[in-house]
Amino acid sequence: MTDNSRHEQDSDLHELQTRFQDYITGKSEDFEKDIISTKDALAEHRLGAYYNAYRIRLIDCLATDFAVLHKELGEEGFELMILEYLKLYPSQHPSVRWVGQHMVEFLQHSERPDKSFLSELAAFEWTQGLCFDAADSKQIFMLEDMAQVPPESWPDLTFTFHPSLRWLDLYWNAAPYWAALENNEQQHPKKAHHELPTRWLMWRKGTNPNWRSLDVAEAWAIEAAFSGSNFAELCEGLLEWIGADSVAITAAGFLKQWITDEIIVSVQTAN
Amino acid sequence: MSSQPQKPFLGFGLGLRTEHYQEILDQQPKEIDWLEIISENYMIEGGKPLYFLDKIRQDYPMVMHGVSMSIGSTDPLNFDYLKQLKALINRVEPKWFSDHLCWTGVDHKNMHDLLPLPYTDAAVNHIANRISQVQDFLGRQMLIENLSSYITYTADAMSEWEFLTAVSEKADCNILLDVNNIYVSSFNHHFDPLEYLQGVPADRVWQHHLAGHQNTGNLIIDTHDEPIIDPVWELYEKTAELLGSVSTMIERDGNIPPLVDVIAELNRAREIASPFYAAENHD
Numbered sequence: 001m002t003d004n005s006r007h008e009q010d011s012d013l014h015e016l017q018t019r020f021q022d023y024i025t026g027k028s029e030d031f032e033k034d035i036i037s038t039k040d041a042l043a044e045h046r047l048g049a050y051y052n053a054y055r056i057r058l059i060d061c062l063a064t065d066f067a068v069l070h071k072e073l074g075e076e077g078f079e080l081m082i083l084e085y086l087k088l089y090p091s092q093h094p095s096v097r098w099v100g101q102h103m104v105e106f107l108q109h110s111e112r113p114d115k116s117f118l119s120e121l122a123a124f125e126w127t128q129g130l131c132f133d134a135a136d137s138k139q140i141f142m143l144e145d146m147a148q149v150p151p152e153s154w155p156d157l158t159f160t161f162h163p164s165l166r167w168l169d170l171y172w173n174a175a176p177y178w179a180a181l182e183n184n185e186q187q188h189p190k191k192a193h194h195e196l197p198t199r200w201l202m203w204r205k206g207t208n209p210n211w212r213s214l215d216v217a218e219a220w221a222i223e224a225a226f227s228g229s230n231f232a233e234l235c236e237g238l239l240e241w242i243g244a245d246s247v248a249i250t251a252a253g254f255l256k257q258w259i260t261d262e263i264i265v266s267v268q269t270a271n
Numbered sequence: 001m002s003s004q005p006q007k008p009f010l011g012f013g014l015g016l017r018t019e020h021y022q023e024i025l026d027q028q029p030k031e032i033d034w035l036e037i038i039s040e041n042y043m044i045e046g047g048k049p050l051y052f053l054d055k056i057r058q059d060y061p062m063v064m065h066g067v068s069m070s071i072g073s074t075d076p077l078n079f080d081y082l083k084q085l086k087a088l089i090n091r092v093e094p095k096w097f098s099d100h101l102c103w104t105g106v107d108h109k110n111m112h113d114l115l116p117l118p119y120t121d122a123a124v125n126h127i128a129n130r131i132s133q134v135q136d137f138l139g140r141q142m143l144i145e146n147l148s149s150y151i152t153y154t155a156d157a158m159s160e161w162e163f164l165t166a167v168s169e170k171a172d173c174n175i176l177l178d179v180n181n182i183y184v185s186s187f188n189h190h191f192d193p194l195e196y197l198q199g200v201p202a203d204r205v206w207q208h209h210l211a212g213h214q215n216t217g218n219l220i221i222d223t224h225d226e227p228i229i230d231p232v233w234e235l236y237e238k239t240a241e242l243l244g245s246v247s248t249m250i251e252r253d254g255n256i257p258p259l260v261d262v263i264a265e266l267n268r269a270r271e272i273a274s275p276f277y278a279a280e281n282h283d
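Here the protein sequences come in this chain order: A and B. Under the working numbering, the first residue of the first sequence is numbered 1, with each subsequent residue one higher. Under the working numbering, the first residue of the second sequence is numbered 1, with each subsequent residue one higher.
Please keep in mind that the hints were generated in silico from the structure rather than gathered at the bench. Being a predicted model, the structure only gives us computed values, none of them experimental. Careful: at least some of the hints might be erroneous.
To be verified - The calculated lysine-lysine pairs, modelled on BS3-like cross-linking and capped at a C-alpha distance of 30 Å, are:
1. B:Lys170 / B:Lys83
2. B:Lys95 / A:Lys27
3. B:Lys86 / A:Lys205
4. B:Lys109 / A:Lys71
5. B:Lys55 / B:Lys30
6. A:Lys115 / B:Lys55
7. B:Lys30 / B:Lys95
8. B:Lys170 / B:Lys238
9. A:Lys71 / B:Lys48
10. A:Lys138 / B:Lys95
11. B:Lys83 / B:Lys7
12. A:Lys138 / A:Lys71
13. A:Lys138 / B:Lys48
14. B:Lys30 / B:Lys238
15. B:Lys55 / A:Lys205
16. A:Lys256 / B:Lys48
To be verified - In silico contact screen, one side only, chain B against chain A (beta carbon under 8 Å); selected entries:
17. Ile38
18. Glu40
19. Ala87
20. Leu219
Said to hold, decoys possible - Ranges of calculated distance between the beta carbons of each label pair, as one might list FRET restraints:
21. B:Gln28 / A:Ala180: 17 to 25 Å
22. B:Gln133 / A:Arg112: 44 to 52 Å
23. A:Lys205 / B:Gln28: 24 to 32 Å
From the three backbone atoms N, C-alpha and C, an ideal C-beta is built for every residue, glycine too.
Here chain A stands alone, though its shape is the one from the complex:
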């Protein structure tokens, strides 16, 4: 059944549901006339159970998904922000898991003076969630697997990465700031903005989200490798930052680290 072909008998139900939903979202109070008041509880009071539950449930959910943003803004500040968020981005997904998917965009376009920092903090938290329940991989490529690769195959090697792998380029120190608040450290770093971004690699190792920062050479290398560049092309590209005499050993070092991080699931040779 399409939206335009609802049976006539459903149209009354559709109108009723629209009025109910408009009441819950605060758009209209027309729905009160559809509800029976009793001596002990007026329609307005009864409907308040739904009006309040909608807000409480989604605030609680988003306070879990954005636990550090919640700490940063405080109870009242967070609640006010979420109420604004829900007006602009009402949930359209069956699962409450995705209610917060527009939070970064919402913060970026808000009028808040600290929107740049907060949106990066939110991006860092949301991306951890994406890593948390991203697809599994049936295999992980280990260092002992690498030992089986003949040296003559190395230049042509390409890499397949774990489905949970993500990266974020952040101008603020949102990641160490997040860690300090998450760990309830007495002192957390002052918010600091940098002229150039730092790339933060994020992935799931086992069942737990992991993350670390990359220097500019590794930041380039991981993106190139992810896009399909082979080992020889990585070495060639890294010459922009690394001397020719040590570029191969540096690239091999990156590769060893990626394998230790368990972000490579397989390697492919030219043949």
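Position chain B relative to chain A; hints supplied.
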């Protein structure tokens, strides 16, 4: 209406919650006969929830309980959702799956709440038709659960139990009868819960939920964050007497206590219902 298959009895179960994953996996408590999972929590691609689900599934029979089918909505059925549900059913191989006799949103929005329907013939037809579509798509019968509700529509033309019965019979689906929800709604709407129990088709009631709630004075709110209160236990005893052997589980969704506390509630359910069930089997 097709003839009903023999009602399976799984015993006494718990809702599987994150806080209890490791303990259940490590200790495999014998008091738990089966587990119910919230379907949407596992309609994801991978990671920790699915890791524990697969491990624990090896030790316990499971049923699946959804909160997002929105079977009563006037939006089109969400077949992307149903495809994901089908994939999870294939993974878990549950004894059955259930969702609520409610709607959760309209015009492609989702309130993430279990919103009640008007008890009208038009609503019965609308919902029964959609349940039939879902059962056809998934190739199996579903269970539909009664809600806790806080409102009565001026449009209502029948009682809640007449509505639940009409939908289940027209759609040929089974019923997850939540005893706490009957208690909550009977308080909020001033009806006799025994009349409710006597009004539902016993052969279609395949599962019970038991849970706690919060009494705000003039309304009881279904919160699942408190222990089950004595009047609900008493109603459960009456339910066991009237409806016979029905797989029963404890639902706890907030303020999650240690596993041992929930198992204590489960044992109480077992103590209350078992004499009736034993007598029934003896007969």
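Cross-check of the supplied hints:
Between B:Lys170 and B:Lys83 the alpha-carbon distance is near 24 Å, which keeps this suggested pair within the 30 Å criterion. Our distance criterion of 30 Å between C-alpha atoms is broken by B:Lys95 and A:Lys27, whose separation comes to about 42 Å. For a cut-off of 30 Å, the pair hint linking B:Lys86 to A:Lys205 stands: about 28 Å separates their Cα positions. In summary, the hint linking B:Lys109 to A:Lys71 is supported, as the alpha carbons are separated by about 28 Å, within the 30 Å threshold.
For the hint linking B:Lys55 to B:Lys30, the alpha-carbon distance of about 16 Å falls within 30 Å, and the restraint holds. Our distance criterion of 30 Å between C-alpha atoms is broken by A:Lys115 and B:Lys55, whose separation comes to about 42 Å. Taking the CA atoms of B:Lys30 and B:Lys95, the gap is near 19 Å; set against the 30 Å cutoff, the hint holds. Between B:Lys170 and B:Lys238 the CA atoms are separated by roughly 27 Å; this keeps the pair inside 30 Å, and the hint holds.
A distance of roughly 25 Å separates the Cα atoms of A:Lys71 and B:Lys48; the hinted pair therefore holds under the 30 Å criterion. For the given pair, A:Lys138 sits about 27 Å from B:Lys95 by alpha-carbon distance, which is consistent with the 30 Å threshold. About 27 Å separates the Cα atoms of B:Lys83 and B:Lys7, which keeps this hinted pair within 30 Å; it holds. At roughly 37 Å between alpha-carbon atoms, A:Lys138 and A:Lys71 are farther apart than 30 Å, so this suggested pair is violated.
Restraint check for A:Lys138 and B:Lys48: satisfied, since their Cα atoms lie roughly 14 Å apart, inside the 30 Å limit. Only pairs whose Cα atoms come within 30 Å are accepted, and B:Lys30 paired with B:Lys238 is accepted, the gap being roughly 26 Å. The suggested pairing of B:Lys55 with A:Lys205 holds, with an alpha-carbon distance near 18 Å, which does not exceed 30 Å. Proximity of A:Lys256 to B:Lys48 is assessed by CA-CA distance (about 26 Å); at most 30 Å being required, the pair is judged to hold.
For B:Ile38, the suggested interface contact is broken, since its CB lies about 10 Å from the closest CB of chain A, more than 8 Å. Because the smallest distance between the Cβ of B:Glu40 and any Cβ of chain A comes to about 5 Å, under 8 Å, the interface hint for this residue holds. Hint status for B:Ala87 relative to chain A: violated, with the closest Cβ pair at about 13 Å, above 8 Å. Look at B:Leu219: its Cβ gets to within about 6 Å of chain A, closer than 8 Å, so that hint holds up.
As the Cβ distance of B:Gln28 to A:Ala180 is approximately 39 Å, the hint placing it in 17 to 25 Å is violated. Restraint check, B:Gln133 to A:Arg112: a C-beta distance of roughly 46 Å satisfies the suggested window 44 to 52 Å. Checking the proposed 24 to 32 Å range against A:Lys205 and B:Gln28 shows it holds: the Cβ atoms sit about 27 Å from each other.
Violated hints for the displayed structure, listed by number in ascending order: 2, 6, 12, 17, 19, 21.
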